[in-house]
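Enquirer: Listed below are the residues making up each chain.
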Amino acid sequence: MAAAGAGGAGGGGSRSHSFKVVLLGEGCVGKTSLVLRYCENKFNDKHITTLQASFLTKKLNIGGRRVNLAIWDTAGQERFHALGPIYYRDSNGAILVYDITDEDSFQKVKNWVKELKKMLGDNICLCIVGNKIDLEKERNVSVEDAERYAESVRAKHYHTSAKLNKGIEELFLDLCKRMMEFAQDNGTSQAQPSRRGVQIADDEPPAATAAGGGCCSSG
Amino acid sequence: MELGVRCLYYMVAQQTYDGLCLTTQPFLFKAFFLEGSAISFPDLCRLVAFYCISRDVLPFHLELPEAIAKASSHVQLESISHMGIEFWSSYLNNKQPTVEQLAPPGPAPTDCSAALEAPGTSLELCLHHVHNNQEVLCFINPLFLQQQQRSRSALHKRHRFKRSLRVRVSTETSCNLSPPASPPPPMLPSSGQEDLECMKKKRRRAPSLSELDSSSSFSSLEEVEDHSAAKAKPHQHTSTLKKASAAFVSLFAPEKRVAQLVEELSQDRRSAFGSLVQDFLRRQEEELKSARCPASSAMLLQGLRLFLSQAKDFLLDCGELEPPIETLVPENEKGRAGVLVSVLVLEYAKNYIVHHLLFVFLTAQGFGTKDFLPALSYVIVLCNIPELLLEVEYMMELLEPTWLTGEGGYYLTSVYASLCWIQSKPESGVPGNLTDKAQESLREWSQRRIQEAQNQKEAQQNQVSPKQCEVQAL
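First to last, the protein sequences are chains F and C.
Residue numbering for the first sequence follows full-length UniProt numbering, starting at 1 and increasing by one per position.
Residue numbering for the second sequence follows full-length UniProt numbering, starting at 1 and increasing by one per position.
Where hints are given, some of them may not hold.
Simulated pairs of lysine-lysine, DSSO-like, Cα-Cα distance not exceeding 27 Å [unchecked claim]:
| hint | chain 1 | residue 1 | chain 2 | residue 2 |
| --- | --- | --- | --- | --- |
| 1 | F | K177 | F | K59 |
| 2 | F | K58 | F | K177 |
| 3 | F | K118 | C | K437 |
| 4 | C | K289 | F | K117 |
| 5 | F | K163 | F | K58 |
| 6 | F | K114 | C | K437 |
| 7 | F | K163 | F | K177 |
| 8 | F | K163 | F | K117 |
| 9 | F | K58 | F | K166 |
Please keep in mind that the hints were generated in silico from the structure rather than gathered at the bench.
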């Protein structure tokens, strides 16, 4: 994904971008904590979150362009796994979160990646996030494994701690930049209407327009 | 004064929607615009009509010759038309009208004298004037400009007139000094001016309260609540109260007026937009009658959604909406002028309230994200609204795709997910396994999205750049 870097800031214009980003991952890996920390700078150890965390927005200004992020949190329980596609449809980016102390949650991330690739191809920017690096001592997923895997699926890997507020700004900023590049290369940003077909049916055929032009000439 | 009108020929990729098939072809169309202006028009009539209402880059509004403005029937106009350039020297075009003749009925005499004291400050215009025999008479149908209300017959007349028109746009400073029918606003291209223009137009015809209700647009919860509050008012002094509130509401809701205009235009087969809409409706009807009806409801809705997007783009580009949408809706609101789905939007707003209430209720209980879906599913089952599934399906397919990524979209999606969850097959071993139908619709949706991305890439490559050739018209 980083390979797309060269495409950047070409086409001018002050249009703003709107992106949809979906958070996926097993329950209790810290998806909601990540987004709450990022959008509201809050952290709650007791795992009592407000429902507002389900949908949060963030406004950024990147290189003079306004970016509106709509962040969709999802329920992590296994029983709701099948509902994933309903939530990630039309996303520009996906943040796949695992808990570095929980090997199983990393395997779940791999399942999500497989599914996203199958459903969306390469039309989405993927981030794989190892959360809870404040619990480094209890780490169960090796850094090399995680990074190697991310590279193999053309995702970017990040380490974060919602508790210590580490790596989160970088994660979202980087994702936004990648989504902007992707939008510029593909013209799929929400800022441009997704289907911009022009359909014109003028009264007169094109042949007659030349005559019309002639009629208007002379000064 | 000469008006520099330019004619641009654009080459664009035309997308033709035929049943479920989308074909892209290059297509030529033209646009007229004044030098220095960013607003373009498909023909000179519309250009002139626009500048009679809005000055844009001009120092003054354009005005119609009085005889034309006063003509009340098609016959009268036709007779003026037959006069050709003779019109300008005829008795009909009195070159030295009295102040009484020129003064609009309303203003006090002091206004007139003030105008006369400052010669050159106003221009009677439009398309006129004969200095020498080479010039061609040109005028536009005043019914179109001066109409108190847009009637079908007026539209019809305008259309017929348009066809028999030879055009030469010029103005002349030596023409009669008449106070403009409406004093020009300060020449600032600010939104303030637009607002003023807007207000003027709105006073011409304020939509009734019922019309407003039926074309309500969703912008925020507050707005929706305002509406219900308005509805709850006692109906005693209805007529005046209704009128006043309608006028008031319409002032602050330009999109409602747009909705109304769009609706009228869509029913007028003589406009390109109207025939586009009517043809689509006829095709749909034929398809439903014949055996070729779409395989699934989702396909039907997708076809409709595609048409809505195209029709909206067309409407924004074609300039048939009069006055143009720019004068009615502030620039930043234009994206929201998805007026075609306004009725659905009302449904959307209602649902939003339900979600909001549910949301407050859940928050108060200290639930978290992971509890949201189960709780929502529980409430949906309790509510027992069989039509909810169909409504949600309609909204998911028909709403402007960009809206679906917002907060309302999130909760709509949650309701949809809950409904899928409720319908899922518990017997299949894997918990939460979706029904075949839901799975198929998701598969089909993902294919569609990949296809769309591809089409977009191709369309971008094929698109011929505008300004292929530029023809100077004047």
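Enquirer: Which of the numbered hints are not met once you compare them with the structure shown?
Expert: 4, 8
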